[in-house]
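Chains Z and H, in that order, give the protein sequences. When we follow my numbering, the leftmost residue of the first sequence carries the number 29, and every step to the right adds one. When we follow my numbering, the leftmost residue of the second sequence carries the number 29, and every step to the right adds one.
Bear in mind the hints are in silico, worked out from the structure with no lab data behind them. All values derive from a computational prediction rather than experimental measurement. One or more of the hints may lead you astray.
The list makes no distinction among identical chains, and a pair is therefore deemed to hold if it is satisfied within one copy or across any two copies.
To be verified - The calculated BS3-like cross-link candidates involving lysine-lysine, where the alpha carbons are at most 30 Å apart (straight line), are:
#1 K217 with K299
#2 K299 with K65
#3 K299 with K192
#4 K65 with K295
#5 K78 with K299
#6 K108 with K295
#7 K216 with K108
#8 K127 with K295
#9 K216 with K78
#10 K65 with K144
#11 K78 with K136
#12 K307 with K295
#13 K192 with K127
#14 K216 with K299
#15 K295 with K41
#16 K65 with K78
The residues making up each chain are set out below.
There are 2 protein chains.
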Amino acid sequence: MPALTSDRSYAGKTVAIIGGGVIGASWAALFLVNGLKVIVSDPDPEIESKVQALMAAALPALQALGYEAVDVAANLSFEKDNARAVAHADIVQECGPEKPEFKQALWKIIEAAAPKGALLCSSSSTIPASVQFTQMADQSRLLVGHPFNPPHLMPLVEVVPTPKTDPAITARALAFYRGVGKVALEIKKEVPGFVANRLQAAIFQESVFLVAEGVVSLDQLDDVVTNSLGIRWATSGPFLSFHLGGGPGGLPHFLEHLGPPMEAAWKYLGKASLDDATKARLIDQLGASYGASSFYALSETRDEKEVAVINGLAHVQHAS
Amino acid sequence: MPALTSDRSYAGKTVAIIGGGVIGASWAALFLVNGLKVIVSDPDPEIESKVQALMAAALPALQALGYEAVDVAANLSFEKDNARAVAHADIVQECGPEKPEFKQALWKIIEAAAPKGALLCSSSSTIPASVQFTQMADQSRLLVGHPFNPPHLMPLVEVVPTPKTDPAITARALAFYRGVGKVALEIKKEVPGFVANRLQAAIFQESVFLVAEGVVSLDQLDDVVTNSLGIRWATSGPFLSFHLGGGPGGLPHFLEHLGPPMEAAWKYLGKASLDDATKARLIDQLGASYGASSFYALSETRDEKEVAVINGLAHVQHAS
Chain Z
29 MPALTSDRSY
39 AGKTVAIIGG
49 GVIGASWAAL
59 FLVNGLKVIV
69 SDPDPEIESK
79 VQALMAAALP
89 ALQALGYEAV
99 DVAANLSFEK
109 DNARAVAHAD
119 IVQECGPEKP
129 EFKQALWKII
139 EAAAPKGALL
149 CSSSSTIPAS
159 VQFTQMADQS
169 RLLVGHPFNP
179 PHLMPLVEVV
189 PTPKTDPAIT
199 ARALAFYRGV
209 GKVALEIKKE
219 VPGFVANRLQ
229 AAIFQESVFL
239 VAEGVVSLDQ
249 LDDVVTNSLG
259 IRWATSGPFL
269 SFHLGGGPGG
279 LPHFLEHLGP
289 PMEAAWKYLG
299 KASLDDATKA
309 RLIDQLGASY
319 GASSFYALSE
329 TRDEKEVAVI
339 NGLAHVQHAS
Chain H
29 MPALTSDRSY
39 AGKTVAIIGG
49 GVIGASWAAL
59 FLVNGLKVIV
69 SDPDPEIESK
79 VQALMAAALP
89 ALQALGYEAV
99 DVAANLSFEK
109 DNARAVAHAD
119 IVQECGPEKP
129 EFKQALWKII
139 EAAAPKGALL
149 CSSSSTIPAS
159 VQFTQMADQS
169 RLLVGHPFNP
179 PHLMPLVEVV
189 PTPKTDPAIT
199 ARALAFYRGV
209 GKVALEIKKE
219 VPGFVANRLQ
229 AAIFQESVFL
239 VAEGVVSLDQ
249 LDDVVTNSLG
259 IRWATSGPFL
269 SFHLGGGPGG
279 LPHFLEHLGP
289 PMEAAWKYLG
299 KASLDDATKA
309 RLIDQLGASY
319 GASSFYALSE
329 TRDEKEVAVI
339 NGLAHVQHAS
């Protein structure tokens with residue numbers, strides 16, 4: 029049963045992707061199987077072969093999720109000049125370098141060159157739109173549409189408007205990402221790291237602390253997560269997990285009885301540092317754990333597993 | 029394809045479970061489908077019907093994982109007296125109240141009554157074995173075998189020896205849990221919360237902070253996790269995820285280039301408190317998000333999803 033396909037309601041629309049790196053190429057693959065026309069704008073002289081290679085790696089996963097990959101090559105083109113690339117775009121998905129000055133100058137060019145009704149979204153994971161829009165005449169047009177890597181596979185898109193964003197623009201962005209099969213969620217405030225990356229930073233700090241302290245090895249830490257919390261969180265988020273973990277009394281019972289030990293735990297959690305000794309320890313243990321397999325073999329297995337999880341969950345969702 | 033079944037190498041052995049609550053009954057179901065004889069020891073006058081009901085809910089998931097549920101009832105018995113319950117036990121799995129005095133007194137009784145070669149394990153999530161063994165004559169026998177809830181479904185068991193534990197006992201405990209189909213990992217130091225619950229506490233603090241600050245609602249926070257990090261961590265732990273997320277340069281490249289922003293993120297992560305206002309906010313949003321479904325309906329869906337994830341991942345593992 030198809031898991032994360034869409035009804036291709038944006039087929040025929042044109043999206044300009046600024047920056048054809050790992051994120052841009054993954055977006056391109058997703059947009060193409062949704063029937064959109066994709067123009068990639070990137071100054072790299074080898075951009076065409078690089079994007080083709082990244083897309084070739086992404087398409088099997090999209091097909092495993094239920095998409096057909098017909099006409100993909102016919103709808104993909106390249107245009108190095110940013111202004112020409114966006115001239116007829118319905119959507120602009122920016123995936124350029126994470127440098128404020130670059131993005132500020134870019135949006136000035138795009139605003140002048142793109143159609144007035146084009147949807148303008150940045151993929152940035154770290155620079156909020158209110159830092160990017162400083163040179164725009166109409167600052168109500170810009171927002172962040174931050175995907176979770178890899179964008180063609182991971183359902184989440186964090187849609188982060190600024191205080192100036194027109195609510196109608198936010199609604200259009202949410203509708204667009206949902207229209208290409210994503211789970212788009214509106215983040216209400218521009219906080220650093222948005223939501224997913226903050227949660228990831230929190231668990232990573234404790235992970236580094238526990239390995240640095242010698243409580244577990246690096247691969248044991250990974251095995252703890254994949255054999256417990258990962259399975260739990262793929263199916264229910266932290267709040268629903270504790271709602272059900274508290275028994276029939278639910279979250280209220282949990283907060284009453286396990287709230288105090290939880291607050292005590294927050295006090296004893298570790299502080300980590302990525303100093304030279306810690307980095308050396310991590311890299312040494314990494315080699316012992318994963319050194320025998322190539323980056324590409326490990327990535328392929330990870331993608332297959334992610335597809336298996338997404339498809340497995342979709343079966344349950346459709347059945348219930 | 030069966031996912032988490034075992035070769036039933038412990039079939040015919042006898043396990044005494046002290047405490048027939050949610051954890052004890054879940055262990056009972058797992059041990060029974062592995063062919064063990066199970067004696068549940070619990071003072072509750074209604075313990076038999078309660079354990080039967082919990083087991084009836086657990087067996088479908090075990091069957092979905094590939095276990096057969098034959099002879100389950102025939103191998104289950106009850107004995108309120110702790111000493112009599114352990115008299116012929118090969119393994120004692122303690123699941124009593126999380127009170128140090130209770131466990132200290134209990135282990136004294138069990139040590140005197142159980143066979144000298146019996147494996148003695150506590151399911152405690154919070155009280156290390158070195159706090160529990162104070163009244164034992166031979167303190168080298170005790171360790172923690174902490175399951176992740178629900179034990180019959182979740183692969184992980186954290187095996188936590190004390191500094192006094194005989195390494196041969198630790199090895200026997202690891203072999204036993206692996207023999208009943210679990211992923212048993214040895215935790216090298218007795219730190220509060222062991223590993224999985226510390227990681228869970230870290231992500232929960234940031235989750236509560238983000239909802240308390242109004243960045244996202246409670247159900248959005250859950251949706252962020254299930255549509256991004258959960259899928260990632262069900263397939264690859266935090267270190268392997270960043271090893272692959274850093275591109276072909278792997279974790280060394282990640283630490284070099286994204287280490288500084290990661291350390292900066294650790295500084296801006298939130299501090300949360302479960303004060304009355306926060307609890308009220310969480311419970312209010314919980315009702316709006318999940319209030320329409322019963323605890324039992326939500327739990328059943330969660331179990332189905334967890335089985336789907338475990339089985340989906342097992343297919344990939346067996347294929348690669």
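Next item on the list: First find the shortest C-alpha distance between K192 and K127 inside one copy, then the shortest across copies, and answer within, between, both or neither for a cut-off of 30 Å.
Entry: Within one copy only: 21 Å inside a chain, 54 Å across chains, cut-off 30 Å.
Next item on the list: Evaluate K216 and K299 at a C-alpha cut-off of 30 Å and name the case that applies: within, between, both or neither.
Entry: Both, since 28 Å and 19 Å are each at most 30 Å.
Checklist line | Up to 30 Å CA-CA - K136 versus K78, copy category | finding: within (27 Å within a copy, 67 Å between copies)
Checklist line | Copy assignment of K65 with K144, given that the CA separation must stay at most 30 Å | finding: within (19 Å within a copy, 73 Å between copies)
Next item on the list: Can you give me the call for K108 and K295, within, between, both or neither, at a CA distance of at most 30 Å?
Entry: neither (52 Å within a copy, 39 Å between copies)
Notebook entry, point to check: Quick one: K216 to K78, C-alpha cut-off 30 Å, is that within a copy, between copies, both, or neither?
Noted result: For K216 and K78, neither the intra-copy (36 Å) nor the inter-copy (45 Å) Cα distance is at most 30 Å.
Margin query: Within a copy, between copies, both or neither: which one fits K78 and K299 at a CA-CA cutoff of 30 Å?
Written below: Neither: 40 Å inside a chain and 43 Å across chains, both beyond 30 Å.
Next item on the list: Indicate which option fits the pair K216, K108 if close means a Cα-Cα distance not exceeding 30 Å: within, between, both or neither.
Entry: neither (35 Å within a copy, 55 Å between copies)
Item checked: Status of K299 relative to K217 across identical chains (alpha carbons, at most 30 Å) -> both (26 Å within a copy, 17 Å between copies)
Margin query: When Cα atoms must be at most 30 Å apart, do K127 and K295 count as within-copy, between-copy, both, or neither?
Written below: between (35 Å within a copy, 21 Å between copies)
Notebook entry, point to check: For K65 vs K78, is the C-alpha pair at or below 30 Å within one copy, between two copies, both, or neither?
Noted result: Answer is within; shortest intra-copy Cα gap is 18 Å, inter-copy 60 Å.
Notebook entry, point to check: Between K299 and K65, at a C-alpha cutoff of 30 Å, which is it: within one copy, between copies, both, or neither?
Noted result: Close neither inside one copy (47 Å) nor across copies (45 Å); limit 30 Å.
Comparing the model with each earlier hint shows violations of hints 2, 4, 5, 6, 7, 9, 15; every other hint is respected.
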